Amino acid sequence: MRLLLAIWACKLAIFASRLLGKKGSSMPGQLAFKICPAILTLLSKQVTKEIIVVCGTNGKTTTNNLLASYIRHAGHSLVSNEYGANMLWGVCCAFAEKASIFGKVKAEYACLEVDEASCVKVFRYMEPTMVVITNLFRDQLDRYGEIDMTVDFIRRALAMAPDAKLIVNGDDPLVAQFGEKANRPCYYVAVDEDTGAGVSEAKEGKFCSFCSTELLYEYHHYSQLGKFSCPSCGYKRHTPDFSVTEVSLTNGVNFTLTFGEETTRITSRFKGLYSVYNIALSYAAARLALNKKPDYEKVLSAYKPQVGRMEEFLIGGKTVVLNMAKNPAGFNQALDAVLQDDREKDLLLAVNDLPQDGMDISWLWDVEFERLKQAKVNRLIVTGMRADELMLRMKYAGFAEKQQIKCSDIKKAAEFLVSGETTVCYGLANYSSVFTLQSVIKEMEGREISGK
Amino acid sequence: MENKRIRIGHLYPELLNLYGDTGNILTLKNRLLWRGIEAEVETIGKDSMIDFKNLDIVFLGGGSDREQLIVCHLLEQQKESLSEYVESGGVLVAVCGGYQLLGKTYPLDGQPVKGLGILDIETEVNDERLIGNVVICSGLLSKNELIVGFENHAGRTRLGSCEPFGKVLTGYGNNGEDDTCGAVYKNVLGTYLHGPLLPKNPALADYLLEKALLRKYGEAELLPLEDQAEKEAHQYAVKRFLKQS
Numbered sequence: 002m003r004l005l006l007a008i009w010a011c012k013l014a015i016f017a018s019r020l021l022g023k024k025g026s027s028m029p030g031q032l033a034f035k036i037c038p039a040i041l042t043l044l045s046k047q048v049t050k051e052i053i054v055v056c057g058t059n060g061k062t063t064t065n066n067l068l069a070s071y072i073r074h075a076g077h078s079l080v081s082n083e084y085g086a087n088m089l090w091g092v093c094c095a096f097a098e099k100a101s102i103f104g105k106v107k108a109e110y111a112c113l114e115v116d117e118a119s120c121v122k123v124f125r126y127m128e129p130t131m132v133v134i135t136n137l138f139r140d141q142l143d144r145y146g147e148i149d150m151t152v153d154f155i156r157r158a159l160a161m162a163p164d165a166k167l168i169v170n171g172d173d174p175l176v177a178q179f180g181e182k183a184n185r186p187c188y189y190v191a192v193d194e195d196t197g198a199g200v201s202e203a204k205e206g207k208f209c210s211f212c213s214t215e216l217l218y219e220y221h222h223y224s225q226l227g228k229f230s231c232p233s234c235g236y237k238r239h240t241p242d243f244s245v246t247e248v249s250l251t252n253g254v255n256f257t258l259t260f261g262e263e264t265t266r267i268t269s270r271f272k273g274l275y276s277v278y279n280i281a282l283s284y285a286a287a288r289l290a291l292n293k294k295p296d297y298e299k300v301l302s303a304y305k306p307q308v309g310r311m312e313e314f315l316i317g318g319k320t321v322v323l324n325m326a327k328n329p330a331g332f333n334q335a336l337d338a339v340l341q342d343d344r345e346k347d348l349l350l351a352v353n354d355l356p357q358d359g360m361d362i363s364w365l366w367d368v369e370f371e372r373l374k375q376a377k378v379n380r381l382i383v384t385g386m387r388a389d390e391l392m393l394r395m396k397y398a399g400f401a402e403k404q405q406i407k408c409s410d411i412k413k414a415a416e417f418l419v420s421g422e423t424t425v426c427y428g429l430a431n432y433s434s435v436f437t438l439q440s441v442i443k444e445m446e447g448r449e450i451s452g453k
Numbered sequence: 153m154e155n156k157r158i159r160i161g162h163l164y165p166e167l168l169n170l171y172g173d174t175g176n177i178l179t180l181k182n183r184l185l186w187r188g189i190e191a192e193v194e195t196i197g198k199d200s201m202i203d204f205k206n207l208d209i210v211f212l213g214g215g216s217d218r219e220q221l222i223v224c225h226l227l228e229q230q231k232e233s234l235s236e237y238v239e240s241g242g243v244l245v246a247v248c249g250g251y252q253l254l255g256k257t258y259p260l261d262g263q264p265v266k267g268l269g270i271l272d273i274e275t276e277v278n279d280e281r282l283i284g285n286v287v288i289c290s291g292l293l294s295k296n297e298l299i300v301g302f303e304n305h306a307g308r309t310r311l312g313s314c315e316p317f318g319k320v321l322t323g324y325g326n327n328g329e330d331d332t333c334g335a336v337y338k339n340v341l342g343t344y345l346h347g348p349l350l351p352k353n354p355a356l357a358d359y360l361l362e363k364a365l366l367r368k369y370g371e372a373e374l375l376p377l378e379d380q381a382e383k384e385a386h387q388y389a390v391k392r393f394l395k396q397s
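Chains S and Z are the protein sequences, given in the same order. For what it's worth, our numbering labels the leading residue of the first sequence as 2, then goes sequentially. For what it's worth, our numbering labels the leading residue of the second sequence as 153, then goes sequentially.
Among the hints, a few may not be true.
Restricting the straight-line Cα-Cα distance to at most 27 Å, the calculated cross-link-like pairs of lysine-lysine (DSSO-like) are [said to hold, decoys possible]: (1) Z:Lys391 / S:Lys403; (2) S:Lys374 / Z:Lys383; (3) Z:Lys266 / S:Lys207; (4) S:Lys412 / Z:Lys391; (5) S:Lys412 / Z:Lys383.
Which stretches of chain Z does chain S cover? Using the computed rule of at least three CB atoms under 8 Å from a CB of chain S, they are [as the list claims (entries may be wrong)]: (6) 169-175; (7) 214-225.
To be clear, the hints were calculated from the coordinates, so they are not data collected in a lab. It should be emphasised that the depicted structure is a prediction, and the values quoted were computed from it without experimental measurement. Glycine residues also receive a C-beta, built at the ideal position from the N, C-alpha and C atoms.
Please put together the full structure from these sequences, using the hints given.
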């Protein structure tokens, strides 16, 4: 009875918060959990096939949502938290929303993105059958402490799900370690060639997870990702089970994915090497969960990016590209996308420091903003709650105060951005600021379509 | 008059590089260059010895436990020249893990181990991390200038005979109990304020530069800089975080 009450309350709360124009993807889950702490256990048990959890610092949402699309496309029912509410409440909410008012969940699969620190809490109530780990970078250090603590969270969580299969980014030594000596099946997904992108701005994971010796690399992809080996204990990049080769990053993301005898050539409109991992990991998880080749073409071409993942808008004949970046690895990848576009452009940078963003903004100094000097930036606009700090950071990156426009109000800053002369503008924003920025820009686009 | 020149040694950045330490190095270097003083940054790797005689400012950042231990062993081997450098008034800035290992003891896997003993401090560890924005006032700076920063540490540091770097107005500081923040001995400054401490505290950056110039040249007149972005970033942080306490 408590379960039913919890489900009803949750559904009502979702409805109410959506009426208020909110996403309603976390708070109702908290309410449901308070009424019935067993809600997640009771509802997740009803999933008939696989419960798949995606975690890792960057690429969780894209990987999980692609995976959910593969499964849905194959004609299966599923539960998923595709809006990115990825802590315990968000997971509860996804299940309660899917449940009938009689407490029944009709789902063959669950595809859930779960925040690294929350895995331990979530796995206490729900045991996954597959865990996908994308990568580990420094992110929101005020919440997670050091990267070693994140590794520890995941290790503890995995111990609670001893039967779950692992699907890991084999190029990331911090992630691949979970497959070592693990008494369970582990599938490694890796880029098995030198892509030539090779920047090594690795800040973490330079040392062997097992013996602390400095790792050697045959080649690097980005950050600590690459073909690594430990000269001392022999820990090394595994021969990939899902092997990515013939990567091309011009005109979208294209590569060949090989799994045993099966070879698939994947072409997509995604951008950047990081997208290769998101696509390959979601494909691998879908391949194993469905036990047949997923229909990647239809899924990738129909895939709508979530808020601010290289999202494009058209305003006054001008292209506005929004990209969320919330940690140095993500930001450096976002800068790559700006640098690859050789048109003159206006650029907006937005940083907030709300609890969900991480209150510590020290990471801004680890982003290689200096590279923007080569990016043909016409006007530089800094905004968000920490616009002052951004302006200072950009001064050190070679943009004097008078070359910058500072405007802490994101809405006004967005208006500046689209009012310029250039045919393309970029907005790079961290977590909470990207939502504000996206809604303002979307509104501008909407006004234009409806004839102002 | 010959050109002045300051050499900054960044110790082991491949090991100690948590949280944007590079901001501090950039600030020291640029505030010299902007004033027409030559500045050189030497990155010291774990396989080379440190030529302390050739350095005017030394920076030691923070890292994880594992990396902190490696650094402590490396410095142990060069402790004599490090002590000489410190006793002769060499400027040394140590942050987080770097700060802890300069002390008499610091925690490793929950156990106290022997540190370098340059600073008379002892550090224990607690499960609950002290995390958040910090505002302190420091006797090192004139005119009651405040210092803003961010801390994130499990260590609880107690001061022996050395002076605190400042008094905590917002935040936790050394241990969350006695309102002290950091430690100062001669021209050694140890603190839990990590990452970009110097960019938005230009007065503190200039204090360190002045000490280094005085030691090397016997005089240190620093031309004023415009510092518009610096002041705005500083004032924003003071205004927003000071009123919380």
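Outcome of the hint check:
no. : hint                : result
1   : Z:Lys391 / S:Lys403 : holds, 24 Å
2   : S:Lys374 / Z:Lys383 : holds, 24 Å
3   : Z:Lys266 / S:Lys207 : holds, 26 Å
4   : S:Lys412 / Z:Lys391 : holds, 23 Å
5   : S:Lys412 / Z:Lys383 : holds, 25 Å
6   : 169-175             : holds (count 7)
7   : 214-225             : holds (count 5)
Checked against the numbered hints given earlier, the structure satisfies every one of them.
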